[in-house]
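Visitor: Those sequence lines, one after another, are chains Y and U. Residue numbers for the first sequence follow the working numbering, beginning at -18 and rising by one. Residue numbers for the second sequence follow the working numbering, beginning at 2 and rising by one.
Since the hints were made in silico from the structure, they are not lab data. Don't be surprised by glycine CBs; every beta carbon is placed ideally from N, CA and C. Watch out, some of these pointers could steer you wrong.
Stated by the list, open to error - Derived lysine-lysine pairs resembling DSBU-like cross-links, with alpha carbons at most 35 Å apart: (1) K168(Y) / K168(U); (2) K245(Y) / K168(U); (3) K142(Y) / K168(Y); (4) K218(Y) / K121(Y); (5) K245(Y) / K142(Y); (6) K168(Y) / K121(Y); (7) K142(Y) / K121(Y); (8) K350(U) / K99(Y); (9) K99(Y) / K121(Y); (10) K168(Y) / K348(U); (11) K142(Y) / K220(Y).
Said to hold, decoys possible - Pulled a few chain U residues facing chain Y out of the computed Cβ check, cut under 8 Å: (12) I88; (13) F108; (14) N143; (15) I145; (16) L146; (17) I149; (18) F221; (19) L317; (20) P320; (21) S330.
Stated by the list, open to error - Away from chain Y, derived, C-beta distances all over 12 Å, residues of chain U: (22) Y157; (23) E177; (24) R224.
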Amino acid sequence: MDNELLLQILTAAIKTGTPLLLVALGEMVCEKSGVLNLGQEGMMLMGAVCGFIAAATSGSLIFGVLMAMLAGMLMSLLFGVISMHLKANQVATGLALTIFGTGLSAFIGSTYVGQTVKGFHAIVVPVLSNIPFLGSILFKHDPLIYLSWLITIAVGLFCTKTRGGLILRAVGENPYNANAIGLPVMKVRYMAILFGGAMAGLAGSYMSLAYTPMWMENMTGGRGWIALALVVFSSWKTKNLVLGAYLFGIASIMHLVLQGLGMKISPNLLAMLPYLATLIVMIFIGSNRMKEKLSAPMSLGQTFDSRV
Amino acid sequence: MWQFQPRTFIPWYLQLISPLIAVFLTILLGMGLFSFLGKDPFHAMHVFFLSPLSDGYNMGELLVKTAPMLLCAIGLALCYQANLWNIGAEGQLLIGAVVGSAVSLQFSDSAISVWLALISGILAGMCWSGIAIALRQWFNSNIILSTIMLNYIALYTLQWAVHGPLKDPAGMGFPESAMFSDNQLLPILIENTRVHLGVLFALLAAILCWVLLRFTWLGFQIRVLGHDESSAHYAGFSIRRLRWGIMLLSGALAGLAGACEVSGPIGQLVPSVSPGYGYAAIIVAWLGRLHPIGMCISGLFLGLIYMGGDMAQIDLGVPTAITGLFQGSLLFLLLASDFLLRYRLVKVKSKETQHG
């Protein structure tokens, strides 16, 4: 494999890994508070469609991104109200959120199918992009990718270095104890859910405004689900999440790699690779069961009720 | 002062009232949506929910739409009864359709071609769900995620099949298999409709499921396992074998649904074999309270939504995506109304009234 191809693959891996990274960061924070939100796919789709429509009608990409995040947050609020206040099962509510989001996004986007917008352009960072090899891989991207790095660092620092991160984890480990020492469990969980929604919306807008600047039904293609596996894979640690997201990025662009190596395989079979990779990763996680048990938030997926 | 308190006991009628509330609210929401779009809401609801029932042919179409969802939902309900979160009916259905078509096309001259297709569809669905349960049992994988991944893999297998090995050479380049001949088609049950044998299979499956859960030792074990795993363990049930059996059965039913679709109403393998029947089946299962009779009713309702979506597109110019919107709202509102099952509104005497 020549250098040029390797360069292309790594650059593309970052591009394809970015929506996964964003949505997985949101889900990780949400899960740290003890809430399992399986609605990522639905929220991403809503972010993608709302971001696209807002950008197409206003002509402003930034407005599009903000609207996408707002759409993700509104969707997650719906999840929050039903799972937290109405005490519905988190798994079922998350599934409902995805089914609802898939339907709603297809409905409101139906007149926009196939339209395109002028998406985000790459910003070449001066000086840094001149670093041989690495400069071309890391510093010739669209602004949302740089934003994703800032958010990653912020989330990583928040979870490990701040009092807020400690509170978040305390609530996720044992909401009843957290409640007993006066931590606002519901408030913390709502904030985590909303953050997850905003990140899913942002990831969706990355799909429809940067990755392929257009709207198509179901265009996120299961990335929300892959992100859920990614969170487990990373054992709820930010740095593993980054690595995992870009590795999945590589799995999704294997067709590029295989073409480069001169192999001819049906594109439909190659399209299965990220999902197959997820299955294989799940086998790998499963054989490390103790590790998973130790790192998962203790109350993950359990409904909290202060009245009980 | 009014307050919500957790219930210790759930009255049986609430199990029925909560889905009815969800359906009612969904219809209200739909009416609101249609008025927002500038259509007469009453006319729209008429188009949506009554015109599919207007004549014999349309009634038949409703059954044709309901059958695959009901088959999938019965399998899913068994899984959910046993606390297995199988979301994979869609993939199992698609694989059933692909393998069923492949076998059917291979033996198109044989008189038993359609039966071979059904059997191979069942086996394919079983294998597909078998992968998910094997990962669950051997590697402790999350069954939701593995079945979802298998859904996508099945979808691309279907795409590969219609673009590659099963593509009709005389099909002018369309990604479709050859049209099935009479040998490969399921018999029609009611004249002048498309009601095929698969509808009868769905009904039979519902009845057998009811008998299984209600009257058999196996059904009892499934219910105990779902309610309390440790009791099932204590009672010495073979939980491993139960899980395998339930999951394989569920895959078999979804695979049968897929094979029936290609050898019934569609008559060839096309990329759009399923408009999301496997996902809609999740809603059918929950709305029907995981009960076979309930699922027959909720299956018909979801079938109505599918047909109504098509009718509304023709009559009102609304995109068919409204079907998905209705489905999603229905499940959401059902989960919200189930709050009634777990909590009750009680009047609590506040301190002032006690003293005053």
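Visitor: Does each hint hold? Answer for all of them.
Guide: Do the hints match the structure? See the list:
no., hint, in the structure
1, K168(Y) / K168(U), "violated, 55 Å"
2, K245(Y) / K168(U), "holds, 19 Å"
3, K142(Y) / K168(Y), "holds, 21 Å"
4, K218(Y) / K121(Y), "holds, 27 Å"
5, K245(Y) / K142(Y), "violated, 49 Å"
6, K168(Y) / K121(Y), "violated, 39 Å"
7, K142(Y) / K121(Y), "holds, 31 Å"
8, K350(U) / K99(Y), "violated, 63 Å"
9, K99(Y) / K121(Y), "holds, 18 Å"
10, K168(Y) / K348(U), "holds, 27 Å"
11, K142(Y) / K220(Y), "holds, 14 Å"
12, I88, "holds, 7 Å"
13, F108, "violated, 25 Å"
14, N143, "holds, 7 Å"
15, I145, "holds, 7 Å"
16, L146, "holds, 5 Å"
17, I149, "holds, 5 Å"
18, F221, "violated, 24 Å"
19, L317, "violated, 13 Å"
20, P320, "holds, 4 Å"
21, S330, "holds, 6 Å"
22, Y157, "violated, 5 Å"
23, E177, "holds, 15 Å"
24, R224, "holds, 18 Å"
The earlier numbered hints that this structure contradicts are 1, 5, 6, 8, 13, 18, 19 and 22.
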